[in-house]
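Colleague: Residues per chain, in single letters:
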Amino acid sequence: MKKVMGMVLVVGLLAATLLSGCGNNKQNGTDSGNKGEEDSKVKIRFASWDNAEDLDTQQKLVDDFNASQDNIEVSLEAYGDDYDTKISAGMGSKDAPDVMYMWNYPAYHEGLESLDSYIDKEGSDFKKNYYDALWAYNSIDDSVYGIPVGFTTHCLFYNKDLFDQAGIEYPTADWTWDDLKAAAAAITEKCDGAKGFSYQIKADPYDYEMYLWSNGSGYIDADGNLEGSINSDKSVEVFEFFQEMQKEGIAVATEGGGTDEMRSAKTAMYIYGSWSIGTLKEDGLNFGVVEIPAFASSGQDSVSILSSSGLSISKDSKHKEAAWEFVKYWTGEELNKARIEYELPVLNSVVDSEKLMDDEYKAPFYSMLEQSSGYTPTSFVIDQWSVLGDNLELSFERIFNPSTLEDVKTVLDEVAAE
Amino acid sequence: MKMSKKTKTVLYILLGIMTLYFLAPFIYMFFSTFKTEAEAVAYPPRFFPEKWLWTNYVDAWRSQEFGTFLWNSIIVTVCTTAGQIIACSLTAYGFARYQFKGKNVIFIILLSTMMIPWDVTMIPQYMEFQMLNWINTLKPLIIPALFGSAYYVFLMRQFLMGVPKDFEEAARIDGANAFQIYYKIFLPILKPQLILVGVLNMLTVWNDYLGPLIFLQDRSKFTLALGLASFKGVHNTQIIPMLCITVVMIIPPILVFIFAQKYIVEGTSGAIK
Amino acid sequence: MKKKQLIKKATPYLFISPWVIGFLLFTAGPLLLSLIMSFFNWPIIGDSSFIGMGNYVEMFTQDSQFWKSMVLTLKYAAIFVPLNLGIALFLAMLITQPIRGVKVFRTIFYLPAVVSGVAISILWKWILNGDYGILNYLLSLIGIEGPKWLVDPAWALFAVILASAFGVGTMMLIFYTDIKNIPIELYEAASLDGASPARQFFSITLPIITPTILFNVITSMVSAFQQLTLVMLLTGGGPLKSTYFYGMFVYDNAFKHRRLGYASANAWIMFIIILLLTSLVFKSSSAWVYYGTEVKTAKGGKKK
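Chains as they are written, first to last, in this note's numbering: chain A, 1266 to 1683; chain B, 534 to 806; chain C, 266 to 569.
Excised from the complex, chain A in its bound form (with noise of 0.2 angstroms):
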């Protein structure tokens, strides 16, 4: 017995010494690429926040970039909802990727590479062709920061299926906020466990600064002070709209972003960006997307916050001339219409080439995107947005967990004490 132990314990010293050289020579080979062994490819790294259903169809894009460079060699690296601990991780330690997919400019900017000069050599024909309102969201003070390569703003989603039970005219482009109200009673009414409307409990404070200036205020005045702005009159009107919804009973606050109320037909309308589509198409659910109800009062269309991805270079890549040339293949029209199915193209020659505006599902965005340029979301003006929007964060919490529902005047004038 004794003899058994022994020989198990100096083979699985043995085995561990063994595998463990195996495995050095195995990533000795792999990673001196950039040091010197493979001296004519030059390695980049990609990361991507994408989750693995997209991840097929994300390295054969990346395949095909590199069996077209003779010099580079791109990686591609996917993180889904870790994304943000392994970008902040990497940067701590300056070994963040050279090319990544960024939208939080504000926390990141420092450690990105400025692209204003490289976006100058292209030519001034470049920037035209996007959408003009990216840019604003892919840049701090001015120095743009990334490419866009996909956006997507909020579109009121709604249940075919459910309106043609509650006998109801599907919603359109000229509703109000009213119209929807008296909608989601009549399908609370008529259908069975369905609830006209859903939004959810824990609203990103980025995300609902778009129905604050859908009422014609914001989070902050144009000085940056929040008194006066986040608790007025209309901003308090637009919480308490919403909170009156529940208290009706018909709407619900959900846990999650809604997607999985609107795909069990727990809700009729949800509001949310195009990320939903493509799972919903694949269920074969009967629904149908339009633009954000206007306030009635506001005497203005419904404006809708902008959700901008975009390329960026590490401000510590070694190689940021390759870096660019990738930033330029994944942001261009192929990669545009590669991609159409899950990220919404921002090329205009695509949109007019794809006749994006007459896709029922993806034109209604378009419209948001045109309604709502000229506003910059707080997060981009204030320093200390991450414990601004904590605060904002809990405070909407406060008022729409169905187990609290505070009275939104007071919440909102605690709030902009702080």
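Derived by calculation from the structure, the hints in this document are not laboratory data.
If a hint is listed, it holds; no wrong ones were tucked in.
Simulated crosslink set (DSBU-like; lysine-lysine; CA at most 35 angstroms straight-line):
(1) B:LYS765 to A:LYS1580
(2) C:LYS445 to B:LYS795
(3) C:LYS269 to B:LYS724
(4) C:LYS268 to B:LYS634
(5) C:LYS340 to B:LYS636
(6) B:LYS698 to C:LYS548
(7) A:LYS1546 to C:LYS521
(8) B:LYS724 to C:LYS548
(9) C:LYS268 to B:LYS698
(10) B:LYS765 to A:LYS1620
(11) C:LYS273 to B:LYS634
(12) B:LYS584 to A:LYS1325
(13) C:LYS333 to B:LYS765
(14) C:LYS521 to A:LYS1359
(15) B:LYS765 to A:LYS1585
(16) A:LYS1627 to B:LYS584
(17) B:LYS717 to C:LYS267
(18) C:LYS267 to B:LYS698
(19) A:LYS1359 to B:LYS765
(20) A:LYS1583 to C:LYS521
(21) A:LYS1674 to C:LYS333
(22) C:LYS521 to B:LYS672
Computed from the model, here is a short list of chain A residues facing chain B with C-beta under 8 angstroms:
(23) ASN1316
(24) SER1340
(25) ALA1343
(26) GLY1345
(27) SER1358
(28) ARG1528
(29) ASP1548
In this text, all values refer to a predicted model and were calculated from it rather than measured experimentally.
Glycine is no exception: its CB is placed at the ideal position from the N, C-alpha and C atoms.
Fit chains B and C to the supplied structure of chain A, relying on the hints for placement.
Modeller: Chains B and C in isolation, oriented as in the chain A frame:
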């Protein structure tokens, strides 16, 4: 030890309740792996899938390079388990059966290493591994473990301290040196603990995802746990592939556990005699 | 003669050398660096500046969340540790009984501990969903309207405890290993003397496994304080920060607010607290833990 019928019944009821708590989520999960995504989030929840989509498993496995992930997981698990068993038993033995200067101080330091929240040493560790050029290799996941971790040292030390002093005395009288005493007398007594540590380590490493997340970059180096986490996207979670892979990932540890049970159960009475 | 003395003295150090070397190589450096960082204003990206005790002062005087999370985590630990210990011991005793099919039960109870933490969190999140989760559905079948577990601040903590008890298998296994290895002769002798099963448990089993109890108390205390993954994936610290454990507080400070210096200070404070509590437990252990090495056969007196 005979038990009355009443005791037995009570026992069975208790077991039944606990089983429900522990097993029900998994049964539900298992059945759900055969559903479509829409079915999985349907309400009221359906227990059985409408159609048994066995292909879900195939799709899930093929959606990423799980074959490579499996291999990486195996390498890391086997190496670290062997290393931990050896290193921790040696260290624990030193603490448990000897008196030496500084013992308590060093032991306190050992314990305290278990108490540091990882997210803060994470970045300094990343920097250190970067200097060593170990980032994007499996080395940060394997090599530190070869020196033992506090948790298992602590575990084994506790047990070793429970063995009466007479053991060494007898062996020393017979003229054995320190290493022989460790090797021939205590190691066999420690066998159940060694297997226990092996099983525990295997599980921790098998499911560890923070380590691989931080230290690996290339998908070719990913472990299974990291592949699993990739199903969790920013906007939606692909729940079906995730459940499928989870089920697959459970199988090796369970097999190891079942296999190891025999050794853990074996009593020490033989050795003592 | 001298050489032998030297070897004899060096032996224990040789035995513990694997861990010591590993510590010096991989742990000491990063630990020291994180301590140094705690005295700096160290943003993840950008320049750092020395601020002495600034972070610590801020924590204690200006950051109300620090106190809230600390109290919440202590509360959680106070419930989690005894609860899990109790369940683990209870289950361990259950599966050491000579019952039919005990092997199956062993595996069943251990099963959750085998599953990846990520998967467990997603699984429970799905089960506990207030609207379409299966727990509320089952409750509704017997006429109870289940609360929105993950949304109602009053219930969220309970939901987290419920999900965390799921991992009790590991502690159970550790107890089980210990109990199973108690020489059966002890029980037989006691039976002969007429001791009831309960008496046997309290007089034989419990004292002998006290070293393991100590181990489990300390390790579960530490993991309760460090709880992060489960709560991050299950509730994100909400609703309304009702499950915003200290671990999440540190994580957010590091990665959301990108203040590594401040987060390091947070971590070191938590470390000191855990250290203090652990030493208290250890100090008390001399009163209730029984080590076999203290047993002397013929000679009198206790040797520690």
